[in-house]
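Peer 1: Top line first, the protein sequences correspond to chains A and B.
For what it's worth, the numbering used here labels the leading residue of the first sequence as 1134, then goes sequentially.
For what it's worth, the numbering used here labels the leading residue of the second sequence as 33, then goes sequentially.
FYI, nobody ran anything at the bench for these hints, they're computed from the structure.
Just so you know, not all the hints are guaranteed correct.
Stated by the list, open to error - Pairs of lysine-lysine residues, derived as DSBU-like cross-links and limited to a Cα-Cα distance of at most 30 angstroms, are as follows:
1. Lys-103/B - Lys-76/B
2. Lys-1134/A - Lys-1175/A
3. Lys-1201/A - Lys-83/B
4. Lys-1238/A - Lys-76/B
5. Lys-1241/A - Lys-103/B
6. Lys-76/B - Lys-1175/A
7. Lys-1175/A - Lys-83/B
Remember, predicted model here, so these are calculated numbers, not experimental data.
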Amino acid sequence: KQEVTQIPAALSVPEGENLVLNCSFTDSAIYNLQWFRQDPGKGLTSLLLIQSSQREQTSGRLNASLDKSSGRSTLYIAASQPGDSATYLCAVHSGAGSYQLTFGKGTKLSVIP
Amino acid sequence: NAGVMQNPRHLVRRRGQEARLRCSPMKGHSHVYWYRQLPEEGLKFMVYLQKENIIDESGMPKERFSAEFPKEGPSILRIQQVVRGDSAAYFCASSPSDTRALHFGNGTRLTVT
């Protein structure tokens, strides 16, 4: 059974810092991995999708990496801004025959002006 | 292109009543997923549907919960005889296929009093 863990559970940084959020998963036989952002009381916004054959994806100040063999992904946020404050969720699609995303509990990020 | 639309945004029901949650997928998306987010918990998969078919309902409680995605109209998640433990945020997601990125709605927050 796939399990996804995100560390840390909460993170507070001053504005302008670069930061890394971590995600680990127990079963390396994945199809893809997706990072989401969730604002309080809102839905999920897809940030980046990494296919199992890829090592990383970039979008603006965000860079996500995937190391399937070690069961890890990181989300790197450059030059953080107060508007980046949200909960970041990592979700794994475990592949053929499984249609489910398995989510971590998220990292709650606060960027202090 | 409108995103995934869920309604209502907030729903209050008394114990024993029925709750009906609606989801209209993004245009061109024929795959719909329902997830539940309990307080302080990660999102958990409930059910995956395509038009007129339930593909995977392995995450759905065996009793009181049902889902449909008719040929015409939105997908419906129905909870009969609600109990306090059903209080949660229910998210719908859609995708153009079962291997592409999921796009989530803003959720329906169900409160059972």
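Peer 1: Now look at each hint and say whether the structure bears it out.
Peer 2: Structure-based check of each hint:
1. Lys-103/B - Lys-76/B: Status holds; Cα separation ~26 angstroms.
2. Lys-1134/A - Lys-1175/A: Holds, at about 29 angstroms.
3. Lys-1201/A - Lys-83/B: violated (33 angstroms)
4. Lys-1238/A - Lys-76/B: holds (10 angstroms)
5. Lys-1241/A - Lys-103/B: Between Lys-1241/A and Lys-103/B the Cα gap is close to 39 angstroms, so the pair fails against 30 angstroms, i.e. violated.
6. Lys-76/B - Lys-1175/A: Within the cut-off at roughly 17 angstroms; holds.
7. Lys-1175/A - Lys-83/B: holds (26 angstroms)
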